[in-house]
Amino acid sequence: MAEVLGQLIIYGFILVFTAGFYTLLYGLGKVFNKRYLINISYIFAGAQFMSGIAMITPDFFTTFWKITILICIVIYLFVPQGMWYIVTRIHKYHEH
Amino acid sequence: MDKLYESQKLAIWYFTVAIVLFGAQILFGLVGAIQFINPDFLYGVLDFSIGRMLHINALVVWLLLGFIGAIYWFLPKEFNREVVGIAIGKLAFFILVAAVAVVVLVYLFVQIGPGDIKTLWFITEGREYIEAPRWADIGIVAVALVVFYNVVATALSAKKITGITGVLIVDLAALFGLYLAGMFYTPNISVDQFYWWWVVHLWVEATWEVLIGVLMAWSLMHLLGSPRRLVETWLYVEVFLVFGTGILGLGHHYFWIGTPEYWLGIGGFFSALEPIPLVAMIIHAVYDAGMHKLKTANRPALFWVFAQAFGNFLGAGVWGFMQTLPQINLYSHGTQMAASHGHLAFFGAYVAANLAILYIIIGELRMRGITPQKGVKYILDSKAWKYAYVGMIISIIGMTAALLVAGFEQTLQERAIGGSTWQAYINAQEHPWFKEAMLWRLGFGIVFFVSYIILVYDILTIKPKPVKEEEIETELEVVPEKA
Chain Z
12 MAEVLGQLII
22 YGFILVFTAG
32 FYTLLYGLGK
42 VFNKRYLINI
52 SYIFAGAQFM
62 SGIAMITPDF
72 FTTFWKITIL
82 ICIVIYLFVP
92 QGMWYIVTRI
102 HKYHEH
Chain P
155 MDKLYESQKL
165 AIWYFTVAIV
175 LFGAQILFGL
185 VGAIQFINPD
195 FLYGVLDFSI
205 GRMLHINALV
215 VWLLLGFIGA
225 IYWFLPKEFN
235 REVVGIAIGK
245 LAFFILVAAV
255 AVVVLVYLFV
265 QIGPGDIKTL
275 WFITEGREYI
285 EAPRWADIGI
295 VAVALVVFYN
305 VVATALSAKK
315 ITGITGVLIV
325 DLAALFGLYL
335 AGMFYTPNIS
345 VDQFYWWWVV
355 HLWVEATWEV
365 LIGVLMAWSL
375 MHLLGSPRRL
385 VETWLYVEVF
395 LVFGTGILGL
405 GHHYFWIGTP
415 EYWLGIGGFF
425 SALEPIPLVA
435 MIIHAVYDAG
445 MHKLKTANRP
455 ALFWVFAQAF
465 GNFLGAGVWG
475 FMQTLPQINL
485 YSHGTQMAAS
495 HGHLAFFGAY
505 VAANLAILYI
515 IIGELRMRGI
525 TPQKGVKYIL
535 DSKAWKYAYV
545 GMIISIIGMT
555 AALLVAGFEQ
565 TLQERAIGGS
575 TWQAYINAQE
585 HPWFKEAMLW
595 RLGFGIVFFV
605 SYIILVYDIL
615 TIKPKPVKEE
625 EIETELEVVP
635 EKA
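For the record, the sequence lines run as chains Z and P.
Following this note's numbering, the numbering of the first sequence begins with 12 at its first residue and continues without gaps.
Following this note's numbering, the numbering of the second sequence begins with 155 at its first residue and continues without gaps.
Don't read these hints as lab results, they were simulated from the structure.
From the three backbone atoms N, C-alpha and C, an ideal C-beta is built for every residue, glycine too.
Example chain P residues on the side facing chain Z (calculated, C-beta under 7 Å, incomplete): (1) Pro-381; (2) Arg-383; (3) Val-433; (4) Ile-437; (5) Val-440; (6) Tyr-441; (7) Gly-444; (8) Gly-471; (9) Val-472; (10) Leu-566.
Just some of the chain P residues that point at chain Z, by a computed CB distance under 7 Å: (11) Pro-429; (12) Ile-430; (13) Ala-434; (14) His-438; (15) Phe-475; (16) Tyr-485; (17) Ile-571.
With a cut-off of at most 30 Å between alpha-carbon atoms, the simulated DSS-like pairs for lysine-lysine come out as follows: (18) P:Lys-531 with Z:Lys-103; (19) Z:Lys-45 with P:Lys-540; (20) P:Lys-231 with Z:Lys-103; (21) P:Lys-528 with P:Lys-622; (22) P:Lys-531 with P:Lys-231; (23) Z:Lys-103 with P:Lys-314; (24) P:Lys-163 with P:Lys-313.
Based on the provided sequences and hints, a complete structural model is requested.
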């Protein structure tokens, strides 16, 4: 049990950490128009998704918690695009 | 100083005391760090329980002083007039500083009482993080009400209410109201903890977050020249996101204090969502940084703003999520993992913000008396702030990482394997991962203290430097003439 617990803590760390790096690199790629940064960001997106899957694979969590984690990792996949849309729309609206 | 608003002079006083208390916080932290390695250090003179209390209380108070100072700095700029109740504002400042001094002296020299009603009123309430005795609690609420009155009265007097001040007024009302929950005495420990968390969690993860949003909105307007409508729109978005997850995220503190079981679901679900707005805000920080190409006139302030955005994400988001689900938190709560999370989250969310605002104030103050020249702009820059900035960030990450290793070991060895027995606790404290982590934490703590000394040196000496006009996009603001 301790081994699974330790793994879950590490996966949880990686999940949000990679979600942040996915967002950071996606944003940098968009701001500086660098396609390769956006491509690298998808590696982090994959890492965050996989770490979430790794969290829900063992029987440690019940169905409610597995669905909660699944919702989180799906939301994280679309946070950069969604926030980029909102940020650029707000800036365009107020600056023109 | 004759052209400064009285309110802005008051802001400088607030920040001066805040920075002194910041130093006290670090020193008491170092004492605690040494005691983890050598428990006999200052035993019977300044025990760990007292040093830790002073370490955390100094943090809370200096951050609060910085927030109030920032409000007093920006408020006259917002309304182009002096703050209405400035005299009572100054009186409140002196009362607050005197009260803090008396409370610290009581903490140091009286330390504990018999646990009766006199102890509660005059020595310590005993509630973790908000141990101030009842008379000081009342003083804190009174000072907070003075700030609230000054904001409302100044807005009414100017016959103007902006989006930022509207959010500020509502937030201050919530902030002061929630503090009252921490003064509610009951012999039922579960009920007591239930309301105590209203202060600790809802201050830190709701009202303080919104207050920082308000202060950052003002900061971005003055630092990057961002349009008011833009920052106000962002402020509303932030308030929606923070309150949307932060308020019911309170439930992660209700897991193990005797509250009904449904708090496991509510707290866990909303806590799991809490990092999402922090991740989302990264896009905005990157967008702003990219659009302005870091060519701002106030380099230290801008870099501390970025440290705030990313520090908040790492400390609150990453470090929070990995221990917030109840099945994990059952084993990790109360270990050094919580201390690890606390260190990085407070540094990222609040310390960085206070330092950013302090540098905005310094930039405006030091530009006074400089005659503008054609083709020349001024930037606030020095080598010292960079050393302090890098030193503080490296050392806080180092301390956080060391505490994380120690907490990880406690979670596994003491809780999951040892079953939380007293012997398991002792074994975990003796484990090499724990002992070595504490050595690393002390080392990084010393680096943090050295960085603080450099920061203070820079605050006292940094001056605007002339650069060619095309090298920067913005200009350092000058403190305006009195209206």
